[in-house]
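Undergrad: Listed below, chain by chain, are the residues.
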Amino acid sequence: MMASVGMIALYFALITTIYAIVTAYIGMKQQQQNYINSSRGATLSSFLMVAMAAFVLLYALITSDFRLAYVADYTSRDLPLLYKISAFWAGQAGSLLLWLLMISGMTLIVQYRRVYRDEQADLKIVSLVNLIKLFFLFLLITMTSPFETVSPAPMDGMGLNPMLQSLGMVVHPPILFLGYSGFLIPFGIVVVDLLFKHKHAAWGEKVRPWVLFSWLMLSAGMVTGGNWAYTELGWGGYWAWDPVENASLFPWLTSTALLHTLIMQRQQKGMKVWNYLLMALTFILTIFGTFLTRSGVLDSVHAFGDNQLGQYFLALLVGLIVFTVYVLIARYPQIRGSKQELGILSREAGLILTNILLLLICVGVFFGTMFPLISTLVLGRKISLDQVFYNQVTIPIWLSLAVLMGICPVLNWKRTEGVRFRNMLLVPGVVGVGTTLLLYLIGLHQWMAVFSFGIAAFVVAAIGQDYLVGVWRYRRESGSCIVSAMIRFFAQRRQRYGAYTVHIGVIVILVGITGSIFQQEVTQTMKPGEVLNLNRYRLEYSGLQPLTENGYTHVAATLQVYEGDEPKGTVRSEKVFHDRYRQPATEVGILSGLRDDLYFNLAGWDGDVAHVQVSLHPLTSWIWIGSYILYLGVLVILWPRKRQTAVA
Amino acid sequence: MKTKGILIAGIVVALMVFGFLIYKGVQNSAAYYYTLAELENSDLAGKHLRVKGELVKESVIWEPEIPRLRFMLTDGTSQVEMVYHEVIPDNFDHSTELIVEGTLGEGNQFTVSKLMLQCPSKYENGNSKGGE
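Chains as they are written, first to last, in my numbering: chain S, 1 to 648; chain E, 1001 to 1132.
Hints may contain errors.
Derived EDC-like pairs (lysine to aspartate or glutamate); straight-line CA-CA distance at most 16 Å [claimed, not checked]:
(1) S/K575 with S/E232
(2) E/K1057 with E/E1038
(3) E/K1047 with E/E1101
(4) S/K382 with E/E1101
(5) S/K527 with E/E1065
(6) E/K1004 with S/E232
(7) S/K575 with E/D1075
(8) S/K575 with E/E1101
(9) S/K382 with E/E1065
Derived by calculation from the structure, the hints in this document are not laboratory data.
Keep in mind the model is a prediction, meaning the values are calculated, not measured.
Turn these sequences into a full structure, and let the hints guide you.
TA: Structure, rendered in structure tokens:
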């Protein structure tokens, strides 16, 4: 019964989507308002139908309706409610439905906000999105339906893989999906404005909030994924340069580049062709990422295995590339910019260089990710590359980008006076070089780390100086007190200092990542009462605590942590066994601090003797702190502008 | 004109550095895909290799005190002994298909530096982060 309601909802969604596209076409062709209204209504109904299908699946998951194969495959009766909900996106069909729901919701925003109503742009954008929706509906109805039934319904489901029973599974996939799917709308906005030669086409303004929002979600998706891998999955790290991880990095890199050159477009400095290409590339790369994960062409720890969905995404991919190139060729004369002088010491040059570096990283990572395929074609033997490759190729570029973040505040549009350039870089430069030397002198001899910290200090000093000098001037002119000057100066230049806040966040993340150079690890067998020494820590093992409850058996080991003689707390790691699964789930114990994280993994035991693996991850918490700063910066930029009060 | 010259020179240098980084990176991290049969019959000592095979369940020996994990990989006919000096992954026993990276040493024993698991279809996304 439930299953048929869900299935019918999907069919209705299909019909209303087709109807919306057709009536939009007729309505625009003949300029008939009733068709247009009807099309908008159909888009709304289509959203409601998709939402209904999603609700049915959610309801079935929560009520453990095992007549649905999907529910039986991914949940069980004793699964906590939160994980029953997150099972929504544990499988192929559910995650496609979630994606469909997200883009359907986004069509409504386009449809009901007045900015998109000029020249009926909303209808055209929504129609394009509706075409993509048809693709997802087609897959959901014919290839991989979440509403397939099993008869007779099993008494209990197979349950969710223990590795997926964690908070990371609840937050990471939907956030990442929002990032992925969000790029469809700005892509639609650009393409529509170009194709229909809109007169009021200021797409630079219109796409920016969408790109920023999707960028924020993509960033948050990657950070939550890394955090999940680090804190819960016990992979020991937050990033492994795995193909699936790289797949989310590609659109992140291109959209980061886009955000920078969009600044130029908004300042009437051309870049339209370039930005169009970056926009299209970003969207295409989200589909490419999906293709990589669904097709199984590359080995990944996140493997979904081979399945036929890959070929459909490949077809979509090819179609999109052809379409993008077509639009470019057809509209090139319209968007081509006039030649502009480009000063070496100008903000334009800085932004373009940022773009080049980001794209170089993208090319390098892409090359590495695809190397198994490339080498098969070229050398006849499949060769894969690991993190050594990615680190060697990208670290110098990441660091160059970081240096640019420090130089950019100093650069003016068009041209920067050499004297001003030198004067303004003096203090940050001294801070940066000073930090580098100081760290070297106190005994830090890993040159990569020393450099990285030096650059971080340089950037923070440069941005801080830019802000404080501005505040100082503002205070003198307005005569306000220092605190109010600091706040008001920031608020008046929200776009600029929001962006710098993001940069500070990135720098804090850079410091956190640099800390991984100093990672240490010990593996030891310990009897109760024995002590393990790691760096400045002393860890004392007190014995195993087995515990059985609700079908789960926990075997936990606790280590008392001391720094010198001072107790610092405890770390506890456990293996959890469930009657249902043969595999245990390991919970690592982390004692997190600003300076370092103690990371404890219970590897095994014999009676009371524990085999423990303890590692020290310096500065890792900076990554999470930096990400919060980054989110904050984006929110500052995205915060709606106050209504302009009319000035007489 | 001068600006343009500097720009082009800069880009050329950057691309050369980039090309060099790629070249060195490939040289330092390439893992060559070989089949288990090839491992048995050729001299590949010292080369960074990547092999796929099926886990021989009965062969798994896990010595947590070292830590050391030993197991055999097979492709149906050939079998190669693997040694891994890290903690056994949670879903190891559960896996059938394995991908390993490492080097071949004495007595045709393969020292694994990186272990990747692929799970049977029962959990479509066994070791994955869910649904991208």
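Undergrad: Check the structure against each numbered hint from earlier and tell me which ones fail, lowest number first.
TA: 2, 6, 7, 8 and 9
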